[in-house]
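J.: Top line first, the protein sequences correspond to chains A, B, C and D.
Quick note on numbering: this note's numbering labels position 109 of the first sequence as 109, and the sequence is numbered without any gaps.
Quick note on numbering: this note's numbering labels position 37 of the second sequence as 37, and the sequence is numbered without any gaps.
Quick note on numbering: this note's numbering labels position 159 of the third sequence as 159, and the sequence is numbered without any gaps.
Quick note on numbering: this note's numbering labels position 181 of the fourth sequence as 181, and the sequence is numbered without any gaps.
Hints were generated in silico from the structure; no laboratory data involved.
The model shown is predicted, which means the values in this text are computed figures rather than measured ones.
Warning: the hint list may mix true and false statements.
Pairwise CB distance ranges, derived in the manner of DEER restraints [what the hints assert, rightly or not]:
| hint | chain 1 | residue 1 | chain 2 | residue 2 | range |
| --- | --- | --- | --- | --- | --- |
| 1 | A | 9 | B | 211 | 25 to 33 Å |
| 2 | D | 102 | C | 5 | 52 to 60 Å |
| 3 | A | 9 | D | 235 | 48 to 56 Å |
| 4 | B | 113 | A | 149 | 44 to 52 Å |
| 5 | B | 182 | D | 88 | 51 to 59 Å |
| 6 | B | 182 | C | 5 | 53 to 61 Å |
| 7 | A | 249 | B | 233 | 38 to 46 Å |
| 8 | B | 201 | D | 88 | 30 to 38 Å |
| 9 | B | 249 | D | 84 | 26 to 34 Å |
| 10 | A | 248 | C | 13 | 36 to 44 Å |
| 11 | C | 177 | A | 201 | 27 to 35 Å |
| 12 | B | 211 | D | 2 | 32 to 40 Å |
Note that CB positions come from ideal geometry on N, CA and C, so glycine has one too.
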Amino acid sequence: MSRVNIDLPGLSMKNPIMPASGCFGFGEEIGKLYDLNELGAIALKATTPQPRYGNETPRVAETASGMLNAIGLQNPGLEKVITEQLSRFDTIETPLLANIAGTTMEDYEEVAEALSKTGKIGALELNISCPNVKEGGIAFGTDPQLAAELTKRVKAVSNIPVYVKLSPNVTDITVIAKAVERAGADGLSLINTLSGMKMDRNTGKPLLANSVGGLSGPAIKPIAIRMIHEVRHQTELPIIGMGGVSTLDDILDFIIAGADAVAVGTANFINPFVCLELSQALEQSLERQQINHLYDIRPKEVHLR
Amino acid sequence: MSRVNIDLPGLSMKNPIMPASGCFGFGEEIGKLYDLNELGAIALKATTPQPRYGNETPRVAETASGMLNAIGLQNPGLEKVITEQLSRFDTIETPLLANIAGTTMEDYEEVAEALSKTGKIGALELNISCPNVKEGGIAFGTDPQLAAELTKRVKAVSNIPVYVKLSPNVTDITVIAKAVERAGADGLSLINTLSGMKMDRNTGKPLLANSVGGLSGPAIKPIAIRMIHEVRHQTELPIIGMGGVSTLDDILDFIIAGADAVAVGTANFINPFVCLELSQALEQSLERQQINHLYDIRPKEVHLR
Amino acid sequence: MKKEDMIVRDNREIAQDIYEMVLEGNLVGEVERPGEFLHINTSRHSVPLLRRPISICNTDKQKRQLTILYRAEGQGTRLLSTYSTNDTVDVLGPLGNGFPVGDVSSGETVLLVGGGIGVPPLYDLATVLREQGATVITVLGFSNKNVVFYENHFQKLGDVYVSTIDGSFGYSGFVTDVIDQKKLSFDRLFACGPVPMLRALEDKYPNVKGSLSLEERMGCGIGVCLACVCHTQNDPDGSDYRKVCSDGPVFPWGEVVL
Amino acid sequence: MKKEDMIVRDNREIAQDIYEMVLEGNLVGEVERPGEFLHINTSRHSVPLLRRPISICNTDKQKRQLTILYRAEGQGTRLLSTYSTNDTVDVLGPLGNGFPVGDVSSGETVLLVGGGIGVPPLYDLATVLREQGATVITVLGFSNKNVVFYENHFQKLGDVYVSTIDGSFGYSGFVTDVIDQKKLSFDRLFACGPVPMLRALEDKYPNVKGSLSLEERMGCGIGVCLACVCHTQNDPDGSDYRKVCSDGPVFPWGEVVL
Ligand SMILES: Cc1cc2nc3c(=O)[nH]c(=O)nc-3n(C[C@H](O)[C@H](O)[C@H](O)COP(=O)(O)OP(=O)(O)OC[C@H]3O[C@@H](n4cnc5c(N)ncnc54)[C@H](O)[C@@H]3O)c2cc1C
Ligand SMILES: Cc1cc2nc3c(=O)[nH]c(=O)nc-3n(C[C@H](O)[C@H](O)[C@H](O)COP(=O)(O)OP(=O)(O)OC[C@H]3O[C@@H](n4cnc5c(N)ncnc54)[C@H](O)[C@@H]3O)c2cc1C
Ligand SMILES: Cc1cc2nc3c(=O)[nH]c(=O)nc-3n(C[C@H](O)[C@H](O)[C@H](O)COP(=O)(O)O)c2cc1C
Ligand SMILES: Cc1cc2nc3c(=O)[nH]c(=O)nc-3n(C[C@H](O)[C@H](O)[C@H](O)COP(=O)(O)O)c2cc1C
Ligand code: FES
Ligand code: FES
Chain A
1 MSRVNIDLPG LSMKNPIMPA SGCFGFGEEI GKLYDLNELG AIALKATTPQ
51 PRYGNETPRV AETASGMLNA IGLQNPGLEK VITEQLSRFD TIETPLLANI
101 AGTTMEDYEE VAEALSKTGK IGALELNISC PNVKEGGIAF GTDPQLAAEL
151 TKRVKAVSNI PVYVKLSPNV TDITVIAKAV ERAGADGLSL INTLSGMKMD
201 RNTGKPLLAN SVGGLSGPAI KPIAIRMIHE VRHQTELPII GMGGVSTLDD
251 ILDFIIAGAD AVAVGTANFI NPFVCLELSQ ALEQSLERQQ INHLYDIRPK
301 EVHLR
Chain B
1 MSRVNIDLPG LSMKNPIMPA SGCFGFGEEI GKLYDLNELG AIALKATTPQ
51 PRYGNETPRV AETASGMLNA IGLQNPGLEK VITEQLSRFD TIETPLLANI
101 AGTTMEDYEE VAEALSKTGK IGALELNISC PNVKEGGIAF GTDPQLAAEL
151 TKRVKAVSNI PVYVKLSPNV TDITVIAKAV ERAGADGLSL INTLSGMKMD
201 RNTGKPLLAN SVGGLSGPAI KPIAIRMIHE VRHQTELPII GMGGVSTLDD
251 ILDFIIAGAD AVAVGTANFI NPFVCLELSQ ALEQSLERQQ INHLYDIRPK
301 EVHLR
Chain C
1 MKKEDMIVRD NREIAQDIYE MVLEGNLVGE VERPGEFLHI NTSRHSVPLL
51 RRPISICNTD KQKRQLTILY RAEGQGTRLL STYSTNDTVD VLGPLGNGFP
101 VGDVSSGETV LLVGGGIGVP PLYDLATVLR EQGATVITVL GFSNKNVVFY
151 ENHFQKLGDV YVSTIDGSFG YSGFVTDVID QKKLSFDRLF ACGPVPMLRA
201 LEDKYPNVKG SLSLEERMGC GIGVCLACVC HTQNDPDGSD YRKVCSDGPV
251 FPWGEVVL
Chain D
1 MKKEDMIVRD NREIAQDIYE MVLEGNLVGE VERPGEFLHI NTSRHSVPLL
51 RRPISICNTD KQKRQLTILY RAEGQGTRLL STYSTNDTVD VLGPLGNGFP
101 VGDVSSGETV LLVGGGIGVP PLYDLATVLR EQGATVITVL GFSNKNVVFY
151 ENHFQKLGDV YVSTIDGSFG YSGFVTDVID QKKLSFDRLF ACGPVPMLRA
201 LEDKYPNVKG SLSLEERMGC GIGVCLACVC HTQNDPDGSD YRKVCSDGPV
251 FPWGEVVL
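Just chain A, same shape as in the assembly (with noise of 0.2 Å):
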């Protein structure tokens, strides 16, 4: 056992450090750069049952701290992503989230079905959160019931274990958390982006084709943290903790607050290499304060699990 191995479900890593989805693609670019096995698992791109191109351009614009998406789930569809994509890690040992979305609870459904038996997945991402696409996704991610639901029937259909992938865009984002825990998710991921809007002053009008995008990035870190925090103390759920994490730091922030493992998302646009410096920085800093283990960091009344 080393200082930053941890073991989540279906997800077995050797550090907490993972690409954030839809900021690794499906790790053919980043794959060339170093070797993936350094990598704690990952996060791919969302898939959805067909091929979608996703949103027009302008798809990101810049915010103080942070930008601003609207890919709008561009993908090859399950089929290709299946062919083409998840041959590419026959070779490698680190474990895959699948990320997965639909408009649909049927669309959920047959993703994650034909994902989980590939055999080549460790665990599903449930993406309930994406503030996109204007169909679906985002419905589930907001109301309860609905989140509950669409857990309880892609855990039917999945042999593998299913996080769900929350939104922030929420009221209270505990009571979502809940729902789906009680629904028999096996984790949670938090957060999905904060819908936010930026302005062309040439034209008056949004920048974004598509009006509203996700904002990612150091700017949303705080809430983040808040959320976790706050679920952390509310259910019993591994998570999956994200939000502007780029430095050593934001990694020791979010293991304090609740997270169990950590994503990074909008970092990788910045530095590719940021995964695999992190993961080598971690293990050398709790290294160097003789920390037997990243979790001995919490304070113990966090240490849930």
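Please arrange chains B, C and D with the ligands on chain A, whose structure you already have, making use of the hints.
T.: Structure of chains B, C and D with the ligands alone, referenced to chain A:
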């Protein structure tokens, strides 16, 4: 008529800029730095029926492009506000927007009635969105029925216009906006701070004594813009927009997005002259571009008022 | 592709708000073709957060130096303009595919058309094409006299025609007006500049051999985030796409929707 | 109070992570008493967002210069340490009330006790007190030898005792240990340093004449935001308070709850 004057219910403003509640106290300190007549309006610090000390310190923490505060509605209480604070404005023409808070509906009624009777206040701003006091306020801000009832009751005892200051910590801010509009609100203020947290790595605990604090500053601007844009398309009420304003461009963005006036909060802490400087810069900029009136920068379809 | 702290060797304003920056580092050794770009982190903190894509204008592999030209306009590029000699800049690159110079035979006449801040990559391109024995004709369009740059540099490599929209320098009008007026003929066309210019060229020469370089707002710059996609022209079901950062920024004439 | 872009005349490390910075500007003319502070914007962008309160250590009104000493520790102070001579810094000040030097009569013996980065304001204080004809004894506490600074400066103004917690320099232990050991006697006590030190002094000398300077996290620095409040000791209903930024940072002995 100047290029920048605007008329909102109870607030006849020579320019669209006012300091935001809680970021200007009762005008005592900044009133020594410049002539308060230069401001469009002044939002006063929240007043509660009784004096409040507020939360323990630390009360502020810094985040990426933002800050957290957990002042906890410290104020001298209704009586002293009337006897000691309001007289400062006897020689000042700038209209006052009195921010009122409380734990019960009766609290709001009491403060609203007393303040509106003084004849010194242009309009009231119901703070139903303070994330930093456990007992109340925030519940009124997240439940549309409570928000509407509170609005009705305050309207019944006030002889001046009533603005409702909305919380961004909700799933759908337009629901609350429409509820208070139907209940008779004369205007809306948005957004208040987002609930956030920062960890203290030395103790493993939240840094703020109150654990949770309100996030303000440039980091939240995209969220404010999105909410103002949404609300603008769902209600007819005038909107006082705020959240991260610190430059002239920020003001233009808020006006384009749908705000009718703009409040400046956190930026006063970095530059106590900011409201003065912005109002001068705005007028000069419109003059240079020969724009007759500020609202002419809006695309037509936003121009609801 | 490297992520490197490159050393600033020079950074100066060469026209109104147009800067020429010389950067030194090992990354220069990896540049393969004209039209590749750098993704530059203009700050060490989170404002601005995202990198800025800037084309490579010229490389000197022996000196391990390259030149970029940029317009100091928004937050990031204005910040870049404040860098001094010997400062370091966090650069990711080289990125993108570059112009297909290998397709050009010796003796061909190649027309290069650049608009505004789209001009820089054409300089490296002109240099390489000349080395390959091609004849280079360059048409550069700017909005006005104050922002004209590098016309002398191009003059050393072939005929150059400069136009300004307001007529304050060179020919008056758009680049297409100059091409018409001068009845320029050519075997191949490479273009980089604002989309309206590219569109006008495609409309004018629907079947020419050539390539164009596109701009799009980017996140990662390496093909991961799907911020920078564009549609392909021949795409019945609308799900086909190209990424400007990694499939482009240079695309064959007529491949993508402008 | 002014908001001014002051010019950096010097900025150098004088002990481990301890910097001495000399700033020039008109604001210096407004400094009235030792113990006042500056509120410094360490960046021109929004990271870090808030100003940093730093005490004025010394002023030279003729040269329009003042000195500050700071520990480069967090984001803002580390950034401050990168400023070079002739750079400008956005400063708000002078702020706060300062030590009540007017209360001190000629001939009085004043004990100054400083801990760590609480030492700087005492230097200006010692200078003024000496000018007023008081006898100054200074006790300075640091954590270890590497972070000791300004002991020579104080030596020119009176007796100085330096202690380090680990005993690596001067006396070993806390400032209160030194005071005991040396049996120092005095008419008045001024102190600035970490709260545990201030508390130990208050416990030891509950009835001494004197003042102490407090630190608290600040927003505005000018009394507007109520970030920096503290309770008063004599306050039955818990609603009385002082603002460290504008009522303090210097408070009469025993006035506020530490
Ligand atoms: C492949 C490629 C090559 C380029 N080469 C050059 C060059 O050689 N010289 C040059 O001056 N400019 C070039 N550009 C344009 C340059 O990237 C933008 O002008 C720059 O990013 C604007 O940043 P800013 O800080 O000035 O503006 P801001 O307004 O602060 O930018 C905000 C955000 O929008 C993005 N953005 C704004 N305008 C553009 C644009 N035109 N293209 C792409 N992203 C944009 C920024 O990257 C940033 O993410 C190139 C763009 C691309 C895609
Ligand atoms: C009246 C007064 C005078 C001071 N004089 C000096 C001085 O002369 N030299 C010196 O080195 N330090 C002094 N300090 C402490 C100094 O303000 C902090 O060390 C500094 O603000 C920390 O900023 P940072 O960027 O290093 O830390 P960060 O961790 O980045 O700071 C984060 C936030 O916490 C605040 N903060 C952190 N520590 C403190 C603290 N101890 N006191 C107040 N706010 C804090 C910062 O201002 C900032 O808002 C003084 C503080 C006060 C209140
Ligand atoms: C460009 C982009 C694309 C994203 N795509 C997805 C996605 O497909 N599925 C998903 O669950 N989250 C997606 N996210 C959200 C991230 O996984 C993450 O929750 C969020 O960005 C917060 O983390 P960060 O601040 O580290 O980026 C995306 C984020 C970005 C910036
Ligand atoms: C220190 C502080 C105190 C505040 N106090 C109040 C308050 O008393 N009443 C209120 O309605 N809003 C209060 N606010 C919220 C602001 O009025 C404003 O809505 C918010 O800060 C967003 O604007 P900004 O980003 O410009 O600061 C306070 C904000 C801060 C930072
Ligand atoms: S910028 Fe990320 S895919 Fe092109
Ligand atoms: S820091 Fe704002 S009141 Fe003291």
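J.: Now tell me, hint by hint, if it's right for this structure.
T.: These are the hints, each one checked on the structure:
1. For the pair residue 9 (chain A) and residue 211 (chain B), the supplied restraint of 25 to 33 Å holds, since their beta-carbon distance comes to about 29 Å.
2. For the pair residue 102 (chain D) and residue 5 (chain C), the beta carbons lie near 54 Å from each other, so the given range of 52 to 60 Å is met.
3. Checking the proposed 48 to 56 Å range against residue 9 (chain A) and residue 235 (chain D) shows it holds: the Cβ atoms sit about 53 Å from each other.
4. The hint said 44 to 52 Å for the Cβ distance between residue 113 (chain B) and residue 149 (chain A), and at roughly 47 Å that hint holds.
5. For the hinted restraint 51 to 59 Å between residue 182 (chain B) and residue 88 (chain D), the CB-CB distance of approximately 53 Å keeps it satisfied.
6. Here the CB-CB span from residue 182 (chain B) to residue 5 (chain C) is close to 59 Å, well matched to the stated 53 to 61 Å.
7. Our hint of 38 to 46 Å for residue 249 (chain A) and residue 233 (chain B) holds, since their Cβ atoms are close to 40 Å apart.
8. Separation of residue 201 (chain B) from residue 88 (chain D) is about 33 Å and conforms to the stated range, judged on CB atoms against 30 to 38 Å.
9. Checked against the hint of 26 to 34 Å, the C-beta distance between residue 249 (chain B) and residue 84 (chain D) comes to roughly 30 Å, which is consistent with it.
10. Distance hint check: the CB atoms of residue 248 (chain A) and residue 13 (chain C) are about 39 Å apart, consistent with the given range 36 to 44 Å.
11. Taking 27 to 35 Å as the suggested C-beta distance range, the pair residue 177 (chain C) and residue 201 (chain A) conforms, at roughly 31 Å.
12. The hinted range of 32 to 40 Å is satisfied by residue 211 (chain B) and residue 2 (chain D), whose Cβ atoms lie roughly 37 Å apart.
Hint compliance for this structure: no hint is broken.
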